[in-house]
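Protein sequences appear in the order of chains U and F. Numbered per the UniProt record's numbering, the first sequence spans residues 1 to 192. Numbered per the UniProt record's numbering, the second sequence spans residues 1 to 927.
Note that these hints are calculated values from the structure, not bench results. Be careful, since some hints might not be right.
Claimed, not checked - Derived lysine to any residue pairs resembling SDA-like cross-links, with alpha carbons at most 25 Å apart: (1) F:K245 - U:R54; (2) F:K551 - F:G519; (3) F:K128 - U:R54; (4) U:K39 - F:R243; (5) F:K245 - U:I89; (6) F:K153 - U:D51; (7) F:K155 - U:D51; (8) F:K678 - F:S655; (9) F:K262 - U:G97; (10) F:K168 - U:E40; (11) U:K112 - U:E94; (12) F:K614 - F:M407; (13) F:K245 - U:L139; (14) F:K551 - F:G571; (15) U:K112 - F:R243; (16) F:K245 - U:Q140; (17) F:K650 - F:V675; (18) F:K168 - U:H48; (19) F:K153 - U:I89; (20) F:K128 - U:H48; (21) F:K128 - U:Q140; (22) F:K236 - U:V93.
Below are the chains, spelled out letter by letter.
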Amino acid sequence: MEGAADSDTPVAQRSATDRAAALARLLHRDCTRLLELYKERENFLSHHVPDGERLVALGLCPEALTTAEQVGHVRSALRRCKELLECLITREVEEMGEELEGEYESLRKTVKDRLGHLVHSTAALLENGEGGCPPSPPLQCTEGQDEVDDSFAAKLWTYRVLLELIHWTDSASQTLHLFQSETQGQQQQQLL
Amino acid sequence: MQGWVTLALLLSLGVNRSLGQNGLGELPVPRGLTLNPDLPAQTLSLTWQSDSSLFDLEIFHTEFMNVVLNETVAVKADPVTGLHSWTWHSPLPLECTSHSVHIRARNQQSLSQWSPLQTIPGSDIPEKSESYMFPQDKMVPVGSNMSFCCIVKEKRDFREIQYRGQQKSATRLSRRTYAITVTNQPASGNTGTNVVCCSETLTLTGAVVFVGYLPGDEGLVCETRDLASAECSWKKGRDTHLRMKRGRTKYTLNGRDCLEGKTWCYSKVWEENWTLVARNPLGMVQLTDSAQLADRVHLLAPANVTAVEVKAWSATLQWSWSVAAYKKLEMVCQLQIFPHELSSTRNYSGPGLSSVVLEGLWPDVDYTVTLRCGSKQSFWKWGDESAPYRIHTKMDRPDALDVWIWMDSSKTGRVFWKPLSVRKSHGALDRYEVSQSSADEDWGTPDFLPPGNFSYPIILNNSSDITVAVAARNPAGLSQLSTVTTPAYRADSRLSVSELLSTNGSFDLSWQPNANASGGYVVEWVPTGCSGLCPVDWRKVPESDSSFTVKSDSLVAGVRYTVSVYTLSPGAPMLLQRWQGYSQEMIPSQSVSELSANQTGSDVLLSWKATEMKHQRGFIHGYTVYLADAARLDLIANISDPEVQSYRVKGLSLSSHKFVVKAYTSAGEDAGSTVAIKMEMDTADMLFVGILVPLGIMFCCLILLSICCYKKREWVKKAFYPEIPGPKVPGDWSSPQGPLDVKPSPHSLVHIVESPEWDFTKEGLFPVPEEEEESENDNIEVDTDSDEPALLRYYNQVVGDGSHSNHVLDSSGSSTASVGSTQTEITYAGIQSPTSLQGGYRPQMQSVTGPAELQNEFEADFQDDGLNTGYKPQCSWQLDSPEAENFSGSLGSPTSVTSSQFLIPESSEEKPQPSNTWFHNFLSGKS
């Protein structure tokens with residue numbers, strides 16, 4: 001990364017950043033599509049505006065000053081999103097069984113897998129692996145589920161989780177794009 | 001709140017009044033009214049103490065004090081507790097709003113006072129300020145009615161409640177509570193039916209209801225696989241539409257839980273009676289089955305199936321059982337053997353059956369066997385089928401070949417044998433072995449032929465018969481020898497071959513039984529006329545039979561077959577009978593050949609040659625002859641004798657003719673051959689018509705002309721040879737000594753002109769008796785000689801212009817212009833014989849009039865054409881022509897001879913010729 005002495009490293013770095021940014025863009029599209037499918041199933045959500053706090057908040061993170069730090073923040077958010085998605089999948093499978101195998105269920109799994117890849121990719125881009133964010137404890141699916149005690153509330157919660165996915169994958173896409181541009185600029189300066 | 005206070009006051013007043021009316025003594029007020037709500041069940045249980053057994057009950061929605069129940073009930077006290085209890089089922093969830101209840105006792109005469117109001121709070125009380133909807137996640141059967149209520153969050157407005165996305169009419173129950181009622185609910189989707197409460201701007205809250213069916217399972221059947229335990233299975237009924245975890249159907253078999261989501265249940269021990277209960281939140285269904293264990297044996301699949309001994313014609317199959325208890329079970333096993341053409345099903349039985357011997361297999365064949373077994377006693381069903389097992393039987397030596405010999409000449413022939421089928425070859429053949437012997441020569445070294453060969457040529461070197469032996473060899477050995485002896489060759493021409501008619505494409509043959517046919521008969525059929533490697537086919541017929549049918553599938557339509565029957569005896573086969581026929585006749589594929597047409601006078605002889613046999617494709621029954629024109633064919637002959645191959649067409653006209661000859665079989669005519677001929681006269685006719693007839697006609701004409709001339713000789717003489725008077729010589733005109741210059745007398749012309757009426761009065765004309773007459777005659781001749789009067793007229797007009805006026809003057813041959821002139825140059829207009837003007841005429845140039853005057857005269861002449869009727873040309877045949885008449889008018893003028901056509905050379909003047917002989921005019925083309 002920054003200050004890397006190995007001549008091969010910048011190229012590999014750029015390539016990894018490219019891939020992470022591309023993956024983030026792809027994931028953002030997947031999440032958008034996943035929300036569309038969910039809205040098709042639960043059509044009342046078309047007019048629903050969720051209220052309340054964000055499900056994924058990075059209150060413990062210090063203020064991100066550099067792009068690299070922002071990448072670390074985004075990675076923390078994506079990791080939390082992944083945990084939320086896993087809880088969502090567990091809940092839906094428990095409630096509805098595994099018999100349903102439509103496009104929604106298939107894409108849901110794809111998003112989960114790609115989200116894991118993106119979390120791993122962004123970690124590889126950071127020197128300290130966390131980018132300034134303290135490691136957050138793993139999410140327990142029962143956390144904050146008190147108010148999700150009925151099916152309707154669960155549907156609203158699912159909706160909020162999907163919105164969080166869209167938000168943070170979009171954020172990751174932009175941040176990684178910025179990170180990629182800066183990395184390229186630094187490498188060109190080094191070459192000069 | 002105001003309404004609630006008012007109602008309380010009224011109630012207290014009523015109580016006071018009733019008390020006042022009850023003079024006999026008051027009923028005691030029920031005591032200790034308590035309310036116990038069951039929120040999921042939407043029921044409210046009331047308990048109280050009282051000595052009465054009849055009570056009035058009133059239930060209110062507390063906030064608006066709307067009465068939701070006003071009922072008189074008879075409730076006896078529980079003998080143990082002494083409490084009265086009654087339960088009310090609310091159509092609305094009790095959480096929707098607060099409910100208040102009071103009660104009073106009643107008998108026939110009196111009423112008690114109302115008990116104090118007891119209230120259960122709803123979720124719309126101020127302490128609960130959020131939005132709520134009730135009921136949540138309820139499961140109801142399809143078609144049921146249901147009420148939902150929405151409690152609006154404090155300080156939020158209410159807009160609507162949607163059920164399945166449709167707005168429903170809401171009723172307000174309290175300050176914050178609104179309710180809807182849905183009737184006849186349809187089945188929900190996978191995730192339930194959404195009921196949503198909305199404000200003007202957002203979704204406030206909602207609920208999900210699951211509408212579905214009771215379990216619909218059916219067909220419980222229990223059986224044993226191991227002769228000890230039980231496996232019960234059933235068929236799932238209709239979809240309950242309750243997919244969520246709480247709504248799934250749960251099963252118990254004889255009280256024991258079954259695995260979720262399965263349609264079978266396992267029990268370690270066999271029980272003769274089985275009960276399956278299928279239950280979901282909406283209800284349950286109960287299925288039963290009853291059977292003895294021995295009646296429900298469903299065996300597992302045989303394991304480890306192997307062929308322990310495989311032979312050419314049999315194999316021993318062995319397997320094992322995974323359940324030890326099977327070894328004592330009387331069972332029946334079924335083997336299914338493939339491939340299809342050899343497939344069969346065989347049953348074997350025995351206690352604990354674990355091996356069988358498969359008989360009746362064929363050598364060198366791949367078999368696939370599957371095995372399944374069942375209990376022989378009280379057979380219930382076949383057990384599971386084993387995995388397919390492959391067996392390949394060993395080879396065996398081939399069967400004997402079916403051999404026949406076919407002679408295509410007295411010295412040559414060919415031995416044929418039929419290919420061995422898989423069933424007969426018993427393994428892939430390596431070769432054929434052919435050997436031969438004769439009376440002079442014993443069996444020699446056999447010839448080896450590859451498996452693809454099915455014939456072998458033979459040549460008879462001497463008159464003795466040859467016996468040929470053929471055998472097939474495969475890796476397992478050599479087949480039995482098949483022998484055949486050469487039969488005597490009999491050409492068709494030496495036999496009376498009868499025509500064979502087919503029946504539906506087959507030949508039905510029958511013959512007189514022959515006592516010598518100890519070995520039966522051979523029916524042989526081969527395409528007629530075939531030589532070399534021919535498709536010879538044959539069948540051997542037992543001695544007892546004397547008929548045979550050659551099936552159509554071994555025959556080719558349109559091919560003539562020679563069918564022969566031979567008797568088989570220890571010696572050479574003997575020809576018994578022979579036929580020829582077609583399995584199906586077709587029209588000839590080629591037309592007759594060498595069709596020619598020869599003219600004989602007015603007849604034409606058509607001749608042709610028959611089509612080759614291979615192209616006949618049927619027996620030729622005859623020929624048809626057509627006369628063809630552009631549009632159609634006219635049948636002119638039908639020759640029913642196929643041996644006749646010529647036909648004479650008689651009486652044809654002298655023109656071109658086209659003939660078509662077609663051969664026909666029973667299937668119809670062929671396309672036909674065409675020949676064309678142009679009929680011509682013969683030499684004698686041509687001589688007669690071409691030469692003698694014109695000569696004869698000419699001769700006749702001459703005779704007629706001669707007769708005519710003779711009859712009219714006087715007229716002819718007068719017309720053509722008028723009598724010329726002799727000259728009157730006043731003096732002594734004795735002949736001089738020199739040669740006599742004979743010139744025709746100009747007077748002769750003068751006499752011909754009878755009425756010279758043309759204008760002597762014209763200006764510039766000077767009568768000169770002799771020359772003038774001569775000139776007139778010349779002018780008349782010019783007129784008569786003129787072939788182009790129009791051209792002449794036009795030319796005269798043109799030359800009348802000033803530019804040519806001199807020319808007119810110079811060259812005019814008119815008498816007026818030539819007066820006083822010594823010039824003899826004459827210019828003619830039109831085509832004229834130069835000799836016609838030379839009859840001693842000498843033009844006289846006269847310059848009396850100027851060019852202008854001449855021109856005027858010209859024009860005047862033309863204008864006076866129609867008036868010049870007085871002019872009479874001398875030649876009588878010109879008088880009939882009006883054009884000539886007109887010309888005579890103009891040409892009769894002194895200037896009409898003006899011409900620039902050509903000049904007569906001077907020499908012509910020196911050799912004057914007769915100008916007025918008719919014969920001369922005739923030869924020169926003048927009329």
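Verification of the hints:
Of the supplied pair hints, the one linking K245 (chain F) and R54 (chain U) is violated, its CA atoms being roughly 29 Å apart against a limit of 25 Å. Among the hinted pairs, K551 (chain F) with G519 (chain F) is consistent with the structure: their alpha-carbon atoms are about 23 Å apart, no more than 25 Å. Distance restraint check for K128 (chain F) and R54 (chain U): the Cα-Cα separation of roughly 24 Å lies within the 25 Å cut-off, and the hinted pair is therefore satisfied. With a CA separation close to 19 Å, the supplied pair K39 (chain U) and R243 (chain F) stays within the 25 Å bound.
Taken as a hint, the K245 (chain F) and I89 (chain U) pair is honoured in the structure, with Cα atoms around 14 Å apart against an allowance of 25 Å. Restraint check: the Cα-Cα separation between K153 (chain F) and D51 (chain U) comes to about 13 Å, which is no more than 25 Å; the hinted pair holds. Of the pairs offered as hints, the one joining K155 (chain F) and D51 (chain U) holds, with about 16 Å between alpha carbons and a cut-off of 25 Å not exceeded. A hinted pair counts as satisfied when its Cα atoms are at most 25 Å apart, and K678 (chain F) with S655 (chain F) qualifies at roughly 6 Å.
The suggested pairing of K262 (chain F) with G97 (chain U) holds, with an alpha-carbon distance near 13 Å, which does not exceed 25 Å. For the proposed pair K168 (chain F) and E40 (chain U), the alpha carbon gap of about 21 Å is at most 25 Å, so the pair holds. Taking the CA atoms of K112 (chain U) and E94 (chain U), the gap is near 17 Å; set against the 25 Å cutoff, the hint holds. Of the supplied pair hints, the one linking K614 (chain F) and M407 (chain F) holds, its CA atoms being roughly 20 Å apart against a limit of 25 Å.
A distance of roughly 24 Å separates the Cα atoms of K245 (chain F) and L139 (chain U); the hinted pair therefore holds under the 25 Å criterion. Distance restraint check for K551 (chain F) and G571 (chain F): the Cα-Cα separation of roughly 29 Å exceeds the 25 Å cut-off, and the hinted pair is therefore not satisfied. Using a Cα cut-off of 25 Å, the hinted pair K112 (chain U) and R243 (chain F) holds, with the two alpha carbons roughly 24 Å apart. With a C-alpha separation of about 21 Å, the suggested pairing of K245 (chain F) with Q140 (chain U) holds against the 25 Å cut-off.
The hinted pair formed by K650 (chain F) and V675 (chain F) meets the criterion: a straight-line CA distance of about 16 Å does not exceed 25 Å. For a cut-off of 25 Å, the pair hint linking K168 (chain F) to H48 (chain U) stands: about 18 Å separates their Cα positions. Proposed proximity of K153 (chain F) and I89 (chain U) is contradicted: the alpha carbons are some 31 Å apart, above 25 Å. Pair hint K128 (chain F) plus H48 (chain U) holds up; C-alpha atoms about 23 Å apart against a cutoff of 25 Å.
The straight-line distance between the Cα atoms of K128 (chain F) and Q140 (chain U) is roughly 28 Å, outside the 25 Å bound, and the hint therefore fails. With a C-alpha separation of about 22 Å, the suggested pairing of K236 (chain F) with V93 (chain U) holds against the 25 Å cut-off.
Checked against the numbered hints given earlier, the structure breaks hints 1, 14, 19, 21 and satisfies all the rest.
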